[in-house]
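Trainee: Read top to bottom, the protein sequences are chains A and B.
Here the numbering used here is used: the first residue of the first sequence is 142, the next is one more, and so on.
Here the numbering used here is used: the first residue of the second sequence is 142, the next is one more, and so on.
No lab work stands behind these hints, which were simulated from the structure alone.
Bear in mind the structure is a predicted one, so any value in this text is a computation, not a measurement.
Misleading hints may appear alongside valid ones.
Since the list gives no way to pick one copy over another, a pair counts as held whenever it fits inside one copy or between any two copies.
Said to hold, decoys possible - Straight-line C-alpha distance at most 35 Å; calculated DSBU-like pairs for lysine-lysine:
1) LYS314 / LYS148
2) LYS255 / LYS148
3) LYS314 / LYS296
4) LYS250 / LYS296
5) LYS148 / LYS250
6) LYS253 / LYS148
Number of protein chains: 2
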Amino acid sequence: MRRQFQKESLPVERVRRYLEPGPVVLLSSTWNGRHNIMTMGWHTVMEFSPSLVGCLISAGNHSFEMVRRSRECVINVPTTALTDELVGIGNTTGAEIDKFDHFELTAEKGQKVKAPLIRECCANFECRLADDSLVGRYNFFIWEVVSAQAALSPKYPQTLHYTGDGVFMVSGKIISRRRRFLPGML
Amino acid sequence: MRRQFQKESLPVERVRRYLEPGPVVLLSSTWNGRHNIMTMGWHTVMEFSPSLVGCLISAGNHSFEMVRRSRECVINVPTTALTDELVGIGNTTGAEIDKFDHFELTAEKGQKVKAPLIRECCANFECRLADDSLVGRYNFFIWEVVSAQAALSPKYPQTLHYTGDGVFMVSGKIISRRRRFLPGML
Numbered sequence: 142m143r144r145q146f147q148k149e150s151l152p153v154e155r156v157r158r159y160l161e162p163g164p165v166v167l168l169s170s171t172w173n174g175r176h177n178i179m180t181m182g183w184h185t186v187m188e189f190s191p192s193l194v195g196c197l198i199s200a201g202n203h204s205f206e207m208v209r210r211s212r213e214c215v216i217n218v219p220t221t222a223l224t225d226e227l228v229g230i231g232n233t234t235g236a237e238i239d240k241f242d243h244f245e246l247t248a249e250k251g252q253k254v255k256a257p258l259i260r261e262c263c264a265n266f267e268c269r270l271a272d273d274s275l276v277g278r279y280n281f282f283i284w285e286v287v288s289a290q291a292a293l294s295p296k297y298p299q300t301l302h303y304t305g306d307g308v309f310m311v312s313g314k315i316i317s318r319r320r321r322f323l324p325g326m327l
Numbered sequence: 142m143r144r145q146f147q148k149e150s151l152p153v154e155r156v157r158r159y160l161e162p163g164p165v166v167l168l169s170s171t172w173n174g175r176h177n178i179m180t181m182g183w184h185t186v187m188e189f190s191p192s193l194v195g196c197l198i199s200a201g202n203h204s205f206e207m208v209r210r211s212r213e214c215v216i217n218v219p220t221t222a223l224t225d226e227l228v229g230i231g232n233t234t235g236a237e238i239d240k241f242d243h244f245e246l247t248a249e250k251g252q253k254v255k256a257p258l259i260r261e262c263c264a265n266f267e268c269r270l271a272d273d274s275l276v277g278r279y280n281f282f283i284w285e286v287v288s289a290q291a292a293l294s295p296k297y298p299q300t301l302h303y304t305g306d307g308v309f310m311v312s313g314k315i316i317s318r319r320r321r322f323l324p325g326m327l
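Let the sequences and hints guide you as you build the complete structure.
Mentor: Below, the structure is given as structure tokens:
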């Protein structure tokens, strides 16, 4: 079931909370008056402050030139409520369809970038391109998250984690080992 | 409960199966006759063939100079059977203790690199440094997996996914959407 999330702004250094567990994300962009969305699983947090995220966008994706030229994107975190949309978005191309229209997703205006946020996702991270030095060789983009918002609840959203072959792992139970951490390691 | 896994060699282009869902991993290395292990959560698959994995190793880690100089490592995937070891390894330093001894882990000889595999992990990926051009600026290492092995069962091991603040998500149920994928996207 789809739902509207009530969100609050999040300090950008806290995006690791959502991205480090490895969810499949939806990357939205805009260029020349057209929006697009792609499904992405190859990404990693790289730094807290500035808040850096590195990701792989294959040159064959319609989004590749859009983000390379606009130097902006939004990383949106979907929950299992969007499983079929996420698979559909990954198996179609923005060269042929408008993905917001086709998948009935809502484009929202961002705070800092022109790329649209996806309202139906539980977290939205607005990004500016920080370093394109590995784009030519590896299609690897390093983004700075410049504005972030995330749902107030659930505290740990049910996310999808891809394992290849059309199979996903759904995020499971939450366990704390906080007492075993040194204060400086938290 | 700890267990010994029966493993088989894995084609290196299939490491995405284990790494893309975002598990915390244990990175093992050797330099100057000494082994070490670190806990790592910031990594991403970057290419199938050659099999590339990018990861962040902070310069403050004892492992940083070891892997920078030896230009080798092993990425080991632990299951929840090693939760306390994983937390312990992340909260101690190889400058003070021998982590294999202290955490009673078994160093195994690799096929292609001198860095030791951790026998108690369900998958072991031997890596050679493929690109260090972002090490100086971001502590970002790009590895080529040159040999891989993984447990025959369970098919989907129970892995740990870090969310910060001493809290982990444990991998949950497996769902397939294979029928909704285009053949070329699998």
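Trainee: So, for every hint listed, does it hold in this structure?
Mentor: Comparing the hints with the structure gives:
Taking the closest pair of Cα atoms, LYS314 and LYS148 come within 35 Å of each other both inside a single copy (23 Å) and across two copies (27 Å). In this assembly of identical chains, the alpha carbons of LYS255 and LYS148 lie at most 35 Å apart only when taken from the same copy (19 Å versus 49 Å across copies). Both within a single protomer and between protomers do LYS314 and LYS296 lie at most 35 Å apart by alpha-carbon distance, with minima of 12 Å and 19 Å respectively. With identical chains, the CA atoms of LYS250 and LYS296 are at most 35 Å apart within one copy only, with a shortest distance of 24 Å there and 42 Å across copies.
When the C-alpha separation of LYS148 and LYS250 is checked against a cutoff of 35 Å, the pair qualifies only within one copy, where the shortest distance is 14 Å, while the shortest distance between copies is 50 Å. For the homomeric pair LYS253 and LYS148, the shortest alpha-carbon distance inside one copy (17 Å) is at most 35 Å, but the shortest distance between copies (49 Å) is not.
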